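Asks: Here are the chains, one letter per residue:
Number of protein chains: 2
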Amino acid sequence: MTTADRSPGRHPGVGRVRPGSGPPARLFNSAVASYAVVTAWEVGLLDEMRASGRLDIPRFAREHDLHEPSVRAVLQALEWAEVVRVTDDADEAKPGDAFAEVYATKGFFGWLLGGCGELLRTGGTVARGGSQGRARIRRDAGRIGTGTADFGRQFIDPVLHRMLEEIDYTCVVDLGCGNGDRLVSAVLARPGSRGVGVDIAPDAIEAARRRVAEAGLLDRVALVEADARRLEPRPEFADVDLATCFLMGHDFWPREDCVAVLAGLRTVFPRLRDVALGDTYRSGEAPGPELPILTLGFEYVHALMGRYVPSLDEWRDVFPDSGWRCHAEHDVTLPPNTKIFHLVPAC
Amino acid sequence: MTTADRSPGRHPGVGRVRPGSGPPARLFNSAVASYAVVTAWEVGLLDEMRASGRLDIPRFAREHDLHEPSVRAVLQALEWAEVVRVTDDADEAKPGDAFAEVYATKGFFGWLLGGCGELLRTGGTVARGGSQGRARIRRDAGRIGTGTADFGRQFIDPVLHRMLEEIDYTCVVDLGCGNGDRLVSAVLARPGSRGVGVDIAPDAIEAARRRVAEAGLLDRVALVEADARRLEPRPEFADVDLATCFLMGHDFWPREDCVAVLAGLRTVFPRLRDVALGDTYRSGEAPGPELPILTLGFEYVHALMGRYVPSLDEWRDVFPDSGWRCHAEHDVTLPPNTKIFHLVPAC
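Chains A and B, in that order, are what the protein sequence lines are. 18 is the number that numbering that gives the first Met the number 0 gives to position 19 of the first sequence; each next residue is one higher, with no gaps. 298 is the number that numbering that gives the first Met the number 0 gives to position 299 of the second sequence; each next residue is one higher, with no gaps.
No lab work stands behind these hints, which were simulated from the structure alone. It should be emphasised that the depicted structure is a prediction, and the values quoted were computed from it without experimental measurement. Each residue gets a CB set at the ideal place from its N, CA and C atoms; glycine is no exception. Treat the hints with caution; some may be incorrect.
Claimed, not checked - Over 12 Å on every C-beta distance to chain A, these chain B residues come out as not near it, computed from the model:
1. S20
2. F107
3. R133
4. D139
5. I166
6. R189
7. R209
8. L216
9. D226
10. L230
11. E231
12. V258
13. A262
14. T266
15. V267
16. D312
To be verified - Have a look at the derived ranges for each label pair, beta carbon to beta carbon:
17. B:D87 to A:P319: 26 to 34 Å
18. A:R61 to B:P253: 54 to 62 Å
19. A:D88 to B:R229: 34 to 42 Å
20. A:R209 to B:G141: 51 to 59 Å
21. A:G128 to B:D87: 22 to 30 Å
22. A:D64 to B:A188: 46 to 54 Å
23. B:H326 to A:S51: 49 to 57 Å
24. B:P253 to A:D88: 19 to 27 Å
Could you put the whole structure together from the sequences, leaning on the hints where they help?
Replies: Rendered as structure tokens:
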């Protein structure tokens, strides 16, 4: 057994093993460091370091009621990835060369590992055919929401806000409103406007209600627990003239379903004039060293879930058949392969 | 918000963000690829590719009743890490430059992500003080066992077998026997010898019983479900003259407990003359680019679980106080920072 395992392989590429370093070590250590990013974010370590430019390790653990050896292990993994540097006396940590970039992209790590980690861990079972595997699909909706909100706020919302400045709206619906942040911003940006948030998750509706209340907008914003793919007309929808919909458009597919959902919007929202549909499309990129963040994980997770991710061309092609015209396409920096389509009625 | 997020930081190291590529992308993609290694192993893809030197993707999915888009996503992630190459027509995959090394070390990925992935995912909760966090510690014992068995068989057992050739034994106990592989090998290696397997996990005892039956050793091997740290003398233990114990010695700590366990072995096994104690010790290494596989994850996982990992010096120091003398130290290639201590009675 061991002789065979360590001998030169029988086939090209199955060569002699130099165990324990090189590619496997980098992959393995990166997986640990990626989890450390998520944990460091969730316990407040990344924010503390960003705010203070340093971290007093024992004090941070004490003040946040954290198990100090765990905090030190997280920092050790972050240090491997050059996200932090731990001082020689080992009681202080400072931002490392990769800190700013990792801080900005922490939401992607939260989405992948906090949100979809259990799906990835059970991938072997999930990939098995039939309902047994499918039944094992488990994601953490709350942490998916926190992750997407973090990168959405930084990279998507500024583009959306510039778009909204050029759109005349009085009542905006956000389909898949999550924690309500984006909806609240859109309503606040337009004096006198109203809003409706739609989300399938009761927890999201609860969070959005708190956000709307904090913003003092309870009299201007309605919240509806519903599946955005299966909406019926309602009184709250009567005056909606702008719809926003972010990072869920791929859930409308396959194509014939997407046509039905997009065409249906004009029935459900009879005064709808503009749609801002932002989504990540299938990259079609070969997985080389320049592959940016998210793409590989986004396509992997959706494949495991059996969800189709349309390409850019498929998106462009579906609008005319759904009664919409794409007035403009706006790129965002991140996520990669993501556009905000500005749709207007085709006629 | 977004202006602040994208402006140069207020502190050194919190600099301008160049989002989406560089370190965060490599970390993120490595985490995806690491999970792909585990899933590819578990669905038989790695073994098929090693045996055949290639993989017919649609046929492999069909014959193993696997969801083909999931198989393709796994291969895409493995291709990013150069573990495989997918041909231009995209229906065949071949081993990539990193295949042999990743194949040899797949057990470490299975241990980390299959075995401890849910612990890592809930690290933020676990790290919180008090029993609430501690209660969230969840690991998958079966997949931990499969992972450690895979690298143990390749890298530890050959060293152990050379050791055993020089030890005169008639009855061997394996403490923490897992699936029974190591115990069966030790008994088979010495004609007429007998064995006892001890494990705390009922599933492990079941698996070991099957292994012993397969080897036709039911009349020579006894299996005992018990905590190796809290053993009492039993008839099965009376003739044991060799004890092996692998990758669990750190569970004997803290020090005073370890002294008690090691000293107790001489009472529990009155004829015990040799102990082969193999374990991974605390590295003390700074987490630089040369850090090998496992170390970072091993120390991270044990920190989260609140388990102490002793250093090499601490191990060397504990033997005399426990009534043992370290007759020899044997290095193994992998895991890194791992020794097999050959202990003999101090007097």
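Asks: Does each hint fit the structure? Answer for all of them.
Replies: Hint-by-hint comparison with the structure:
no.: 1; hint: S20; result: violated, 5 Å
no.: 2; hint: F107; result: violated, 6 Å
no.: 3; hint: R133; result: violated, 8 Å
no.: 4; hint: D139; result: violated, 8 Å
no.: 5; hint: I166; result: holds, 19 Å
no.: 6; hint: R189; result: holds, 19 Å
no.: 7; hint: R209; result: holds, 19 Å
no.: 8; hint: L216; result: holds, 18 Å
no.: 9; hint: D226; result: holds, 24 Å
no.: 10; hint: L230; result: holds, 28 Å
no.: 11; hint: E231; result: holds, 32 Å
no.: 12; hint: V258; result: holds, 22 Å
no.: 13; hint: A262; result: holds, 27 Å
no.: 14; hint: T266; result: holds, 33 Å
no.: 15; hint: V267; result: holds, 31 Å
no.: 16; hint: D312; result: holds, 18 Å
no.: 17; hint: B:D87 to A:P319: 26 to 34 Å; result: holds, 33 Å
no.: 18; hint: A:R61 to B:P253: 54 to 62 Å; result: violated, 22 Å
no.: 19; hint: A:D88 to B:R229: 34 to 42 Å; result: holds, 39 Å
no.: 20; hint: A:R209 to B:G141: 51 to 59 Å; result: violated, 41 Å
no.: 21; hint: A:G128 to B:D87: 22 to 30 Å; result: holds, 27 Å
no.: 22; hint: A:D64 to B:A188: 46 to 54 Å; result: holds, 52 Å
no.: 23; hint: B:H326 to A:S51: 49 to 57 Å; result: holds, 52 Å
no.: 24; hint: B:P253 to A:D88: 19 to 27 Å; result: holds, 24 Å
Against the hints set out earlier in the document, violations occur for numbers 1, 2, 3, 4, 18 and 20.
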